[in-house]
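In the working numbering, the protein residues as written are 81 to 442.
Keep in mind that the hints were calculated from the coordinates and are not lab data. Please read these numbers as outputs of a predicted model, since none were measured by experiment. Check each hint, because a few of them may be wrong.
[What the hints assert, rightly or not] As a list, the in silico DSS-like pairs of lysine-lysine whose alpha-carbon atoms are at most 25 Å apart:
#1 LYS90 <-> LYS138
#2 LYS99 <-> LYS212
#3 LYS138 <-> LYS99
#4 LYS409 <-> LYS90
#5 LYS212 <-> LYS97
#6 LYS355 <-> LYS99
#7 LYS275 <-> LYS90
#8 LYS275 <-> LYS172
#9 LYS185 <-> LYS172
#10 LYS99 <-> LYS125
#11 LYS212 <-> LYS125
#12 LYS172 <-> LYS212
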Amino acid sequence: MRTLFILLRKEFILFRKNKFLPKIAFIFPCMVILVIPLVATMDVKHVGVTIVSQDNSKLTNNIIANLEASPFFSVSLEGTYNKALEYIESGKTDVILEIPLDFQKKMEIGNNTMPHISANGVNGTKGTLGAKYVMESVMRTIAEFRGIEITDQTSISYLYNPTLEYRNYMIPALMIMLLIMICGFLPALNLVSEKETGTIEQMNVTPVRTHIFVLSKVIPYWIIGIIDISLAMLIALIIYGLSPAGALLAIFLAALLFIFVMSGIGIIIANFSTKMSQSMFLMLFVVLLCVLMSGLLTPISSMPDWAQYTTYALPPRYFIEIMRSIYLKATPMCDLTHQYIALFGFAVVTNALAALTYRKQR
């Protein structure tokens, strides 16, 4: 233990004297939680709607007025469809609503010729939802014109995220990304940098045991990871008013297990890398795999069957399920036993491999 404490003291001194690492470890997480939830959102707002009207009737004017009154639409008028299509091609609008000639007269005589809607499919989410919103607004206006009373008999309750704010879904995911970056990237870069500078050779000729040396490399980042996730939750509470619905102890236990996993992966990558560029490339591959295939940004259920089975081998999958379940739904720990056991298993395996794959060169 005395050897471990001496090595840890050395690591903390080097960390404090490094001009780059403290900024990455503490300022970077704060900036991520402060900025990204405001800009990285899938909430559909300000849908650009260009109306091409060939009918100057009361019904048409009501449709335009209702669309302009909605906070979801930015409405503009154009005389021709080709001109409106240029706006879609240039990205200035998302949906074209084309109202045919004598639209009101056709409605009055029972000819149900409906307006034509064209949506920009490049942004699938905005185009699809925007076209649906426009269609619902038009249908409601037509029903009111015909004197048909519309009653919403279906009661909808949005559980766990009543306001449907995407940031509430995004913030737990950002905390996971922070732990991947801080506790995976930094230990790998720290170890490989010592290989490049040659200082690790001094350690290789000492009788320090391998597992003691590996622990001295990862324990500082375990501590930093816990501090970072605490800062992230504090910022989320102060700035966005989002607090964990479940037990803090359950969140910190899952975070600690995940930190063990990512630090072990970082050390394994560093053991097989001789240059920082190699370790950065390998860690980037791990990060992309975690982001794209672990359910962090896209639902696992929407993936192909083979990809869904692959996610069981990805540790972030289990931490994501724990974080969102506890943070948003207040799920008790007993209902997440399988996820905790999986993270514990990954932590044991990755850290054992980290110790076994490190070889001293005498």
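Status of each hint after checking the structure:
Between the alpha carbons of LYS90 and LYS138 the distance comes to roughly 79 Å, so the proposed pair goes past 25 Å and is violated. For the proposed pair LYS99 and LYS212, the alpha carbon gap of about 52 Å is over 25 Å, so the pair is violated. Restraint check for LYS138 and LYS99: not satisfied, since their Cα atoms lie roughly 68 Å apart, outside the 25 Å limit. The suggested pairing of LYS409 with LYS90 is violated, with an alpha-carbon distance near 42 Å, which exceeds 25 Å.
Of the pairs offered as hints, the one joining LYS212 and LYS97 is violated, with about 57 Å between alpha carbons and a cut-off of 25 Å exceeded. Our distance criterion of 25 Å between C-alpha atoms is met by LYS355 and LYS99, whose separation comes to about 20 Å. Note on LYS275 and LYS90: the hinted pairing holds, with a Cα-Cα distance of about 16 Å set against a maximum of 25 Å. In summary, the hint linking LYS275 to LYS172 is not supported, as the alpha carbons are separated by about 52 Å, beyond the 25 Å threshold.
Using a Cα cut-off of 25 Å, the hinted pair LYS185 and LYS172 is violated, with the two alpha carbons roughly 32 Å apart. Using a Cα cut-off of 25 Å, the hinted pair LYS99 and LYS125 is violated, with the two alpha carbons roughly 41 Å apart. Of the pairs offered as hints, the one joining LYS212 and LYS125 holds, with about 13 Å between alpha carbons and a cut-off of 25 Å not exceeded. Between the alpha carbons of LYS172 and LYS212 the distance comes to roughly 19 Å, so the proposed pair stays at or under 25 Å and holds.
When the structure is compared with the earlier hints, violations turn up for hints 1, 2, 3, 4, 5, 8, 9 and 10 and for no others.
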